[in-house]
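K.L.:
As a plain string of letters, each chain reads:
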Amino acid sequence: MTRKINLRIWRGDATDGALKNVEVEANEGEVVLDVIHRVQATQMGDLAVRWNCKAGKCGSCSMEINGKPRLACMTQVASFPEGEEITITPLRAFPVIKDLVTDVSFNYRKAMEIPAYEHPKDLAPGAARMEQVDVERSQEFRKCIECFLCQDVCHVIRDHEENKKSFAGPRFFIRIAELDMHPLDLLKNRKQKAQEEHGLGMCNITKCCTEVCPEHIRITDNAIIPMKERVVDVKYDPIRWLGTKIRKREGIV
Amino acid sequence: MATGVFSASRAKIKERTLRTDRWWVQPAITFGVLFSFIIYATLRAFENANYFAEPLISPFYSPCLSTECVPGSSLMGQPFNFTLFGSAISPALFILIFPLGFRMTCYYYRKAYYRAFWFSPPACAVAEPHEKYTGETRAPLILQNAHRWFFYAGLVFNVILTYDAILAFRNQEKQWGHVSVGTLVLLFSSFMLWMYSLSCHTCRHTIGGRLKHFSKHPIRYRLWTRISILNHSHQQFAWVSLFAVAFADIYVRQVSSGAWTNFYLF
Chain A
1 MTRKINLRIW
11 RGDATDGALK
21 NVEVEANEGE
31 VVLDVIHRVQ
41 ATQMGDLAVR
51 WNCKAGKCGS
61 CSMEINGKPR
71 LACMTQVASF
81 PEGEEITITP
91 LRAFPVIKDL
101 VTDVSFNYRK
111 AMEIPAYEHP
121 KDLAPGAARM
131 EQVDVERSQE
141 FRKCIECFLC
151 QDVCHVIRDH
161 EENKKSFAGP
171 RFFIRIAELD
181 MHPLDLLKNR
191 KQKAQEEHGL
201 GMCNITKCCT
211 EVCPEHIRIT
221 DNAIIPMKER
231 VVDVKYDPIR
241 WLGTKIRKRE
251 GIV
Chain R
1001 MATGVFSASR
1011 AKIKERTLRT
1021 DRWWVQPAIT
1031 FGVLFSFIIY
1041 ATLRAFENAN
1051 YFAEPLISPF
1061 YSPCLSTECV
1071 PGSSLMGQPF
1081 NFTLFGSAIS
1091 PALFILIFPL
1101 GFRMTCYYYR
1111 KAYYRAFWFS
1121 PPACAVAEPH
1131 EKYTGETRAP
1141 LILQNAHRWF
1151 FYAGLVFNVI
1161 LTYDAILAFR
1171 NQEKQWGHVS
1181 VGTLVLLFSS
1191 FMLWMYSLSC
1201 HTCRHTIGGR
1211 LKHFSKHPIR
1221 YRLWTRISIL
1231 NHSHQQFAWV
1241 SLFAVAFADI
1251 YVRQVSSGAW
1261 TNFYLF
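Just so you know, the protein sequences line up as chains A and R, in that order.
Letter by letter, the first sequence follows residues 1 to 253 of the working numbering.
Letter by letter, the second sequence follows residues 1001 to 1266 of the working numbering.
Just so you know, the hints here were simulated from the structure itself, not pulled from any lab data.
Just so it is clear, CB atoms sit at the ideal spot from N, CA and C, and this is done for glycine as well.
Check the hints yourself; a few may be wrong.
Part of the chain A face toward chain R, derived, beta carbon under 8 Å [what the hints assert, rightly or not]:
1) Cys58
2) Gly59
3) Ser60
4) Lys68
5) Val96
6) Glu162
7) Leu179
8) Met181
9) Gly201
10) Thr206
11) Asp221
What follows is a set of in silico ranges between Cβ atoms, one per label pair, in the way DEER data are often shown [unchecked claim]:
12) R:Leu1093 / A:Glu197: 23 to 31 Å
13) R:Phe1031 / A:Ala48: 38 to 46 Å
14) R:Phe1119 / A:Gly45: 36 to 44 Å
15) R:Val1025 / A:Ala78: 18 to 26 Å
16) R:Thr1225 / A:Ala127: 25 to 33 Å
17) R:Thr1042 / A:Glu118: 27 to 35 Å
18) A:Arg142 / R:Phe1266: 52 to 60 Å
19) R:Phe1119 / A:Asn6: 30 to 38 Å
20) A:Glu113 / R:Met1076: 51 to 59 Å
21) R:Ala1028 / A:Glu118: 42 to 50 Å
22) R:Thr1042 / A:Gly29: 49 to 57 Å
23) A:Glu118 / R:Ile1039: 51 to 59 Å
24) A:Glu118 / R:Asn1081: 56 to 64 Å
The following block holds chain R by itself, in its conformation from the complex (with noise of 0.2 Å):
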């Protein structure tokens, strides 16, 4: 039986959309990217190779808490040791799974995705394909409201990622007051997680978002109209973000694979 904009009460018009502008063009464009990404991270997690050349560490490989972590790239300690059937496990399938839950449940990649990838819908007034909808009311969708979990997490990772990028402000013999270009990748990467983190939607609830009297509580209404300035800029921070932490897996591959020099400026 027809539905939505084909319901019989509704008016009897074939086209699923009169819109005349190019709508495909931006769902074409997340999906391209957001796909690119999603190869290139799987490849390199699975890679388990060229994530470390001192003092630099792919973000893609940090915290490394494996005994299969590569000498020198483990500052927390090697408590675990990922084999399966003996071969070891890349760490980064573990580590992942941290920063991308909070990208997959975030509320602006929500929107990106569910347009792009899923359809739904295409692009406003666009009839999407689906018969049935049921958003986020049951399983697996109803796991988005995990985001908050995953927000803390990634709060620790962006704790641990901007240590990393204090550490490259070594050379490669340990000694500190040295700036390469790495150092400014990391720095650069560390501080776009910060500023995506600290935009989150969940974060504007946390910090004054809930309350329903600012008046008494001055501080948190404070911080929450400077989260709240941030919060207009999430999509970008969430797309220059993401760039950034790609970046910097693949400028710490090139170094480590000897394939680029990491210059020093002093």
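Isolated chain A, as found in the complex (with noise of 0.2 Å):
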């Protein structure tokens, strides 16, 4: 079944912008993408729009929708009540390009930033061999597909431009989580960088980036919030820092 819908598309550039309204066809089970991809096909040749799998998993079609950052390509049109206007932006936190694309290329700064695993020196490249239970905490992080929508959402750059320089944002803090819980990294003080570095403190657990993930990675619960644990053994719990010194207690590097 075909229905019509009414669009408002942001259109614009890093100067000035507003958004158009515009009235396209939806066929059944079509996604936003498609019927942006309509609208550059009959109305709008030259709107500029970010995209590539079409099946939720490259991250390329993150934009904002009726105010929330979300994948087109895995958002519904059927999802909005008949009648309901959908707003197309891009995303609001980083810089505009043209139209509904952004310059992300903020996060792969921070991604530089990140410290590699360090790999144990007496373990020959391809020895390593490790127990299901010891890798299944990170095996939820490798799902993440780099929408950057959780960066998008996430208050303290998205409503801060200043703090960009000192927070990583939750897309890196579940990279840094990753890696800390990783049983052979042998990096030392990567809590107290996540700390002092790529500004954990400055996350107050609000849980959008966890809305948001298409992925359903419980960004919050699983990563930053144990992240902020394992910060507080090291920098605020002072009979945990004398027992690991006593005892020498695994987990406290």
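Using the hints, put the two chains back together into the complex; each one sits in its own frame.
P.N.:
See below:
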């Protein structure tokens, strides 16, 4: 069944822009990205939109639909009530390039700042063996498709441009957590770096990153809060710190 | 200078949010409920009366350790004399520091009150009103890192309140083997406090979350998986335990003041 829907699409660039109204047909089962492509093909030939897989796995078509950060390819048109206008804008936490395309290079710079995994020197490449229970926590974080919706919705940088210098964002907190929970990673001070260099302490646990994650990664509960607790172990818990000095317990490096 | 979603490089959109759903409902409800609880708890803490009706004691006033506590309510003695300028200070003012500290620093409540009270942010993708934001990196919010100390204190209180619930299996003549509505109220309250504490993120971390090698600690790993299941419902336990404790206090107050009769099932 085909129906007409009304869209408001943000058109513009870094200098100026506005929401433009457009009416377009939507077929049964179509997603928002489908109707954007129809608008592009029939009414706005120069509409800029980034997309790739159309299967919710590449993370390219991140945008804001009715104010919520979402993947356009995973948002069913039918999920909106008939007659409701659908407003589509670029991600509002990043600099706009054109129309629905933003410059997400901030995230790649942050990715480079995260210290890499440090392999034990006495363990030859390929010789590492780990049990499933030791890696399953990290496997959840490996589902990340780098759509950066969590980065977009995080108010620490969305509402405070100046914090981008000192805050890595939820996507990279799960990367840090993944490495810190890695049984073989030997890097010292990963927890302290998370707090002092990557801005873990700026997160106030409002869980928006978890709410928007299309992979349903429990970013706050399984990565950020465990990292905050690990930071408490090394920075704010003198008894725990003393215990590690006396008994050389694992997990605190 | 404009910052956040109104920064020069961002898409020029004048609205603070384009959300069309009723995003303000949840923070409004949270504000209303938490604010009501704060008002009620404050009034009750200062009331310093109607907190004991043999064998029931209000969770707000247990353990009652002051020389000013009413006879029979001090099961652990009365080592303290809380007076100021000759007037008795309510023991609840000291007792409540610990459970309220536990809730104030709780990872779930942080989300709830940062959104509802401080609008930081009021809801996801709704621009917050503050010009600057430093999060939990400096005083006073850096004290949120004291959560685990309040967690340990909370466990002590859970033991005491569970003991109070067990003592409520007596009648007014201190004979065992009786169950009243008050028994069930205190039992449910202490049970929910245990569920709230055990589902806590700090508990999950302490039990096993801090380990790098689960395979080397199979018992702690199994406990961690169980606590992780509870942790999924931490938000629900936070609310239900709050209502349960408040209702337990209301119940004891009403019985103590004579407004309600503590009906015995047997």
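K.L.:
Taking the hints in turn, state whether each one holds.
P.N.:
Comparing the hints with the structure gives:
{"no.": "1", "hint": "Cys58", "in the structure": "22 Å, violated"}
{"no.": "2", "hint": "Gly59", "in the structure": "18 Å, violated"}
{"no.": "3", "hint": "Ser60", "in the structure": "18 Å, violated"}
{"no.": "4", "hint": "Lys68", "in the structure": "6 Å, holds"}
{"no.": "5", "hint": "Val96", "in the structure": "4 Å, holds"}
{"no.": "6", "hint": "Glu162", "in the structure": "7 Å, holds"}
{"no.": "7", "hint": "Leu179", "in the structure": "11 Å, violated"}
{"no.": "8", "hint": "Met181", "in the structure": "6 Å, holds"}
{"no.": "9", "hint": "Gly201", "in the structure": "4 Å, holds"}
{"no.": "10", "hint": "Thr206", "in the structure": "5 Å, holds"}
{"no.": "11", "hint": "Asp221", "in the structure": "7 Å, holds"}
{"no.": "12", "hint": "R:Leu1093 / A:Glu197: 23 to 31 Å", "in the structure": "41 Å, violated"}
{"no.": "13", "hint": "R:Phe1031 / A:Ala48: 38 to 46 Å", "in the structure": "41 Å, holds"}
{"no.": "14", "hint": "R:Phe1119 / A:Gly45: 36 to 44 Å", "in the structure": "42 Å, holds"}
{"no.": "15", "hint": "R:Val1025 / A:Ala78: 18 to 26 Å", "in the structure": "24 Å, holds"}
{"no.": "16", "hint": "R:Thr1225 / A:Ala127: 25 to 33 Å", "in the structure": "29 Å, holds"}
{"no.": "17", "hint": "R:Thr1042 / A:Glu118: 27 to 35 Å", "in the structure": "52 Å, violated"}
{"no.": "18", "hint": "A:Arg142 / R:Phe1266: 52 to 60 Å", "in the structure": "57 Å, holds"}
{"no.": "19", "hint": "R:Phe1119 / A:Asn6: 30 to 38 Å", "in the structure": "31 Å, holds"}
{"no.": "20", "hint": "A:Glu113 / R:Met1076: 51 to 59 Å", "in the structure": "53 Å, holds"}
{"no.": "21", "hint": "R:Ala1028 / A:Glu118: 42 to 50 Å", "in the structure": "48 Å, holds"}
{"no.": "22", "hint": "R:Thr1042 / A:Gly29: 49 to 57 Å", "in the structure": "55 Å, holds"}
{"no.": "23", "hint": "A:Glu118 / R:Ile1039: 51 to 59 Å", "in the structure": "53 Å, holds"}
{"no.": "24", "hint": "A:Glu118 / R:Asn1081: 56 to 64 Å", "in the structure": "58 Å, holds"}
Violated hints for the displayed structure, listed by number in ascending order: 1, 2, 3, 7, 12 and 17.
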